[in-house]
Each structure stands twice: as structure tokens, then as C-alpha cells.
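If you're matching positions, the sequence shown starts at 543 in my numbering and goes up one per residue.
Just so you know, these hints were derived from the structure itself, not from any lab.
All of these numbers come straight from a predicted model, not from anything done at the bench.
One or more of the hints may lead you astray.
Computed cross-link-like contacts, DSBU-like style, restricted to lysine-lysine with a CA-CA straight-line distance of at most 30 Å [claimed, not checked]:
1) Lys663 x Lys713
2) Lys663 x Lys728
3) Lys641 x Lys707
4) Lys698 x Lys641
5) Lys728 x Lys641
6) Lys728 x Lys698
7) Lys650 x Lys728
8) Lys901 x Lys814
9) Lys698 x Lys650
10) Lys663 x Lys707
11) Lys663 x Lys698
12) Lys865 x Lys901
13) Lys731 x Lys865
14) Lys728 x Lys707
15) Lys707 x Lys650
16) Lys901 x Lys874
17) Lys663 x Lys650
18) Lys698 x Lys731
19) Lys641 x Lys663
20) Lys814 x Lys865
21) Lys814 x Lys731
22) Lys713 x Lys814
23) Lys731 x Lys713
24) Lys641 x Lys865
25) Lys641 x Lys874
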Amino acid sequence: SYTETAPRIAVMQYFQASCLVFSAQWFRDDAHSALFVYSGGGGSTKSGEPNELVLASLDTHGAAAPAFEVVSTVNTGDDICCTVSASAQLRLVAAGVGKQLSLFGVAKTEEGERLIALASKPAFERGNVECVCLKQGPDGVMVATGGADSVLRLWKLNGAEAVAKRLADGKLDGVQDVFNIVETPKDLKGHTGAITAVQFSPAGDLVCSASKDGTCRIWVVSTGRLVQELPAASGLPTGLPAKHNLYARQQICRSCSFTPDGGQVVTVQCGKRGAAYLTRWTRQGDGPEGTWSPAGVARASEDPVPCMAMSPDGNVIVVGDVKGRVSVFNGKTLARDRRYNCHELPVSTICLRSRAETKYDILTGSADKALSVGMSRASSGSTLDTLALMVACGIPIVVSLALYLTDPFDGPRTCASHENERRKDRRRGHGGGGAGSSCTTKRHHDEKMDNDGRVD
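Can you build the whole structure from these sequences, using the hints too?
Structure representation (C-alpha cells):
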């Protein structure tokens with residue numbers, strides 16, 4: 543169940559991404575605009591879809607609806623850019639480009655800001671870099687990478703602060719020579735399945751990794767020591783039907799995230815089919831020596847969930863599922879507040895930024911060449927009151943008009959609830975029916991897709 547606290551959506555805007563979107567992240571807030579990066583592709587020689595890393599802006603100044611603009615683009619050739627992580631303070635973007643960890647800078651130039659290649663390092667012998675996280679911590683500027691070979695790797699970026707200053711000043715001559723990538727400590731092994739997500743703790747002393755082996759593992763950054771293995775099956779609710787016992791043994795840990803205080807980890811786990819669950823793990827004891835145990839669980843979706851994100855204050859959690867829906871949860875109680883139809887294909891990436899106190903913007907992407915931006919406002923510091931989704935995608939105008947008239951972002955209400963609304967309208971003298979009163983749902987493409995949100 544979910545609460546009916548959010549009003550209906552009044553604003554929608556459509557625009558198209560330049561490639562199939564696999565990863566996206568907010569980068570920086572300016573006075574009246576926000577910069578973000580996204581990446582993806584389709585293997586240009588096979589599908590004709592370009593493999594790209596894109597820096598884009600969303601300008602809301604003086605306009606009824608935000609204006610989307612591509613600021614800078616890097617074509618990555620035949621290698622797909624599957625994942626990105628960015629730091630506005632360091633002016634850096636870490637990306638998984640094929641089998642390599644690649645670093646890009648956001649440089650100030652006379653023509654404006656643009657992406658420039660800084661350095662790259664082979665990260666895998668097989669498979670692509672599927673997840674990456676960039677963090678400035680006590681051990682310096684670090685990057686964590688994971689992928690199909692099941693090994694978590696940590697990289698130290700020497701000279702990152704000096705490079706950031708030169709990028710901000712526009713002094714680009716020889717900037718690549720200042721940068722150096724060092725792997726340390728090497729090869730954090732333990733997972734038996736592909737790594738699907740990585741994230742550093744807020745303090746930067748710990749890093750967690752989610753894997754298709756059904757576990758989330760927590761490691762010490764400085765030594766590479768394994769602190770604890772969190773089995774996904776232990777985070778499932780009790781009393782599930784017997785058929786779920788088989789699914790419990792086949793759980794995949796899709797995503798993981800530390801809370802802002804570093805005292806909890808939230809994971810998403812699901813089978814190859816069936817429901818997905820959010821689990822909160824709480825640390826007992828101080829420092830990295832503490833033990834972690836499940837402290838709460840909630841159903842994230844009736845279908846597998848490829849991605850999850852948490853707001854910077856920890857009050858909001860959002861997930862995207864394989865049916866293109868976005869669900870918004872109270873970060874403290876794990877109660878679902880709202881769910882929206884958002885994409886024609888599975889949601890492949892999702893992230894949040896704080897626009898102001900209790901206000902958040904949600905950015906999602908999908909292989910339907912869509913970017914969506916949701917502007918939200920929370921009341922009492924946790925429950926979302928308003929959510930205006932401006933879906934950036936290449937949906938035909940006829941479908942777009944139909945979506946607007948049927949108001950699909952009003953959540954999955956039942957026919958009975960719509961009938962009650964019509965009765966209330968008649969009592970108020972507004973008549974029955976009207977746009978938004980029908981129980982029409984959004985259709986999804988009937989294509990064969992895997993559970994990572996990418997087309998086979």
C-alpha cells in the first residue's frame with residue numbers, strides 16, 4: 543500500500559536523449575540551472591547507436607518548463623560507456639568505457655564548459671566495467687570499480703586536486719601529465735557473481751559492493767579487508783509463500799547505498815523474476831569493526847528492480863523497475879509514497895539531488911533513449927507532497943498527448959478509487975468523468991529484455 547499525499551501531475555515536457563541511456567548522475571547546481579552527465583550507447587558498429595558520454599544542462603530560469611541542452615559530448619568509439627560517477631568539486635567524471643576505467647575532466651574554455659579525456663587504465667580482462675564510484679576520502683581521491691569478473695578494485699587518483707584547479711582556470715596544456723591512476727589495494731576478491739553496484743561510505747573509510755551472487759559485502763578501503771558479508775536472503779521478509787523459497791536461493795543483490803550518517807546500508811535484492819525488496823542493515827558498534835544486521839524490509843516492486851538511489855539527507859529512496867516505473871519511498875520507514883509510469887523500457891539508472899531543504903530532483907534514464915527529470919517537494923522532512931515529472935524521451939507525439947490526457951503519472955489507482963473520485967466530483971458540481979478519470983494504464987514495449995534494463 544502507499545499513501546495518497548501527492549497531488550496530480552500538472553506539467554510534462556518531452557525531449558530525447560542522444561543515445562540509449564545506461565547511467566546518469568547529477569553534477570553541479572548553478573543559479574538557475576543544473577548540470578548532469580549521462581552515458582550509454584549500443585555498439586555503434588552493430589546497431590548504429592553511438593557510444594557516448596554527455597554533459598548536459600537543465601535550465602529553469604524564466605521558463606514555464608525546463609530547457610534541456612547538450613553542453614559537451616565525447617564519443618567513446620566501439621566501447622560502450624556503461625557507468626559514470628562525477629564530482630563537481632574535483633571537476634572529474636569517472637566512467638567505465640568497455641574494459642577500462644576512464645577519467646574525464648569538465649574544463650572551462652572560451653566556448654563554455656566541455657569534457658576532455660584525462661587518463662584511462664585497463665580494469666578488466668573480460669566483460670565491461672559495469673559500476674563505478676568516485677569519492678574524495680581520508681586516503682585521497684578514490685575510485686571503486688566492479689563488473690563481470692566478480693572482483694572489486696580500488697584506484698587512487700594522484701594529482702586530482704591539482705588537475706581540478708587547472709580545469710577550473712582553463713589551463714589545459716599538459717593537464718593529462720599531472721594525472722596518475724594507481725590500483726591500491728589490489729583485487730578485493732570474495733564475490734562469486736558479477737558486481738552490480740559499488741558505493742563508498744560518507745566518511746570514505748568503507749566501500750560496499752552488491753553482486754549477482756546474492757550478497758552485499760562491506761570492505762575497509764585502506765586495507766581491502768572484508769568487514770562482513772550481507773546475504774540478500776537474510777533481508778527478505780518472514781512468512782513468504784513456499785514458492786519464494788526457491789527465489790530466496792536465487793536472489794541477486796542489485797544495488798547498495800550507505801545512509802548519510804554511515805550507520806546503515808540499504809540494499810535491493812530480487813530474483814530473475816518476481817518481487818524485489820528493500821532492506822535496511824544497521825551497524826552495531828563504532829568504527830569499521832562493527833557488525834551489520836537487518837533492521838527493516840519493504841517490497842520495492844512486484845517486478846525486478848535494476849537501480850536504486852537515496853537523497854543526500856537520507857529522507858527519500860527511489861527505485862526503478864523493469865516495467866519502466868519509478869517508486870518513491872520514505873527513507874526512514876521504507877513506506878512507499880508513490881509509484882509512476884516513467885519509461886517505455888526498464889529503468890536502467892536513477893539518481894537524486896537536493897534542490898533546497900526538503901526538495902529533491904529525480905533523474906532517470908532508460909534504453910528507450912529517454913531521460914526523465916522529476917521535481918519533488920517533501921513535507922515533514924520525509925513524505926513527498928508534489929512530484930512533477932518532465933519525461934525526456936523520444937515518445938511519438940500521439941502517445942505523448944494520450945499520456946497527458948490520461949494522466950498516467952497519477953499512480954496505480956484502482957477503478958474503484960476513480961469511481962469514488964467521480965462521485966465526489968458530481969457532489970461538488972464538477973460532473974463525472976473527464977480527463978484523468980479513466981483507469982487507463984501505460985503500455986510497454988513487448989521486447990525481450992534482461993533484468994539489467996538493457997535490450998538483448
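Here is how each hint holds up against the structure:
Between the alpha carbons of Lys663 and Lys713 the distance comes to roughly 24 Å, so the proposed pair stays at or under 30 Å and holds. This hinted pair checks out: Lys663 and Lys728 have alpha carbons roughly 14 Å apart, not beyond 30 Å. Between Lys641 and Lys707 the alpha-carbon distance is near 29 Å, which keeps this suggested pair within the 30 Å criterion. For the given pair, Lys698 sits about 18 Å from Lys641 by alpha-carbon distance, which is consistent with the 30 Å threshold.
For the proposed pair Lys728 and Lys641, the alpha carbon gap of about 17 Å is at most 30 Å, so the pair holds. Note on Lys728 and Lys698: the hinted pairing holds, with a Cα-Cα distance of about 11 Å set against a maximum of 30 Å. Restraint check: the Cα-Cα separation between Lys650 and Lys728 comes to about 34 Å, which exceeds 30 Å; the hinted pair is violated. The suggested pairing of Lys901 with Lys814 is violated, with an alpha-carbon distance near 34 Å, which exceeds 30 Å.
Among the hinted pairs, Lys698 with Lys650 is consistent with the structure: their alpha-carbon atoms are about 24 Å apart, no more than 30 Å. Proposed proximity of Lys663 and Lys707 is supported: the alpha carbons are some 23 Å apart, at most 30 Å. Annotation: proposed proximity of Lys663 to Lys698 holds, straight-line Cα distance about 12 Å (limit 30 Å). A C-alpha spacing of about 26 Å is found between Lys865 and Lys901, which places the hinted pair at or below 30 Å, so the restraint holds.
For the hint linking Lys731 to Lys865, the alpha-carbon distance of about 33 Å lies beyond 30 Å, and the restraint is violated. With a CA separation close to 29 Å, the supplied pair Lys728 and Lys707 stays within the 30 Å bound. Annotation: proposed proximity of Lys707 to Lys650 holds, straight-line Cα distance about 11 Å (limit 30 Å). With a C-alpha separation of about 16 Å, the suggested pairing of Lys901 with Lys874 holds against the 30 Å cut-off.
A C-alpha spacing of about 25 Å is found between Lys663 and Lys650, which places the hinted pair at or below 30 Å, so the restraint holds. For the given pair, Lys698 sits about 18 Å from Lys731 by alpha-carbon distance, which is consistent with the 30 Å threshold. Restraint check for Lys641 and Lys663: the C-alpha separation of about 9 Å stays at or below 30 Å, so the hint holds. A threshold of 30 Å between alpha carbons decides the hint, and for Lys814 with Lys865 the separation of about 14 Å falls inside it, so the pair holds.
For the hint pairing Lys814 with Lys731, the CA-to-CA distance comes to about 24 Å; that is within 30 Å, so the pair holds. Pair hint Lys713 plus Lys814 does not hold up; C-alpha atoms about 49 Å apart against a cutoff of 30 Å. The straight-line distance between the Cα atoms of Lys731 and Lys713 is roughly 40 Å, outside the 30 Å bound, and the hint therefore fails. As the CA atoms of Lys641 and Lys865 are separated by approximately 29 Å, the hinted pair is consistent with the 30 Å bound.
In summary, the hint linking Lys641 to Lys874 is not supported, as the alpha carbons are separated by about 38 Å, beyond the 30 Å threshold.
Hints 7, 8, 13, 22, 23, 25, counting from the list given before, are not met by this structure.
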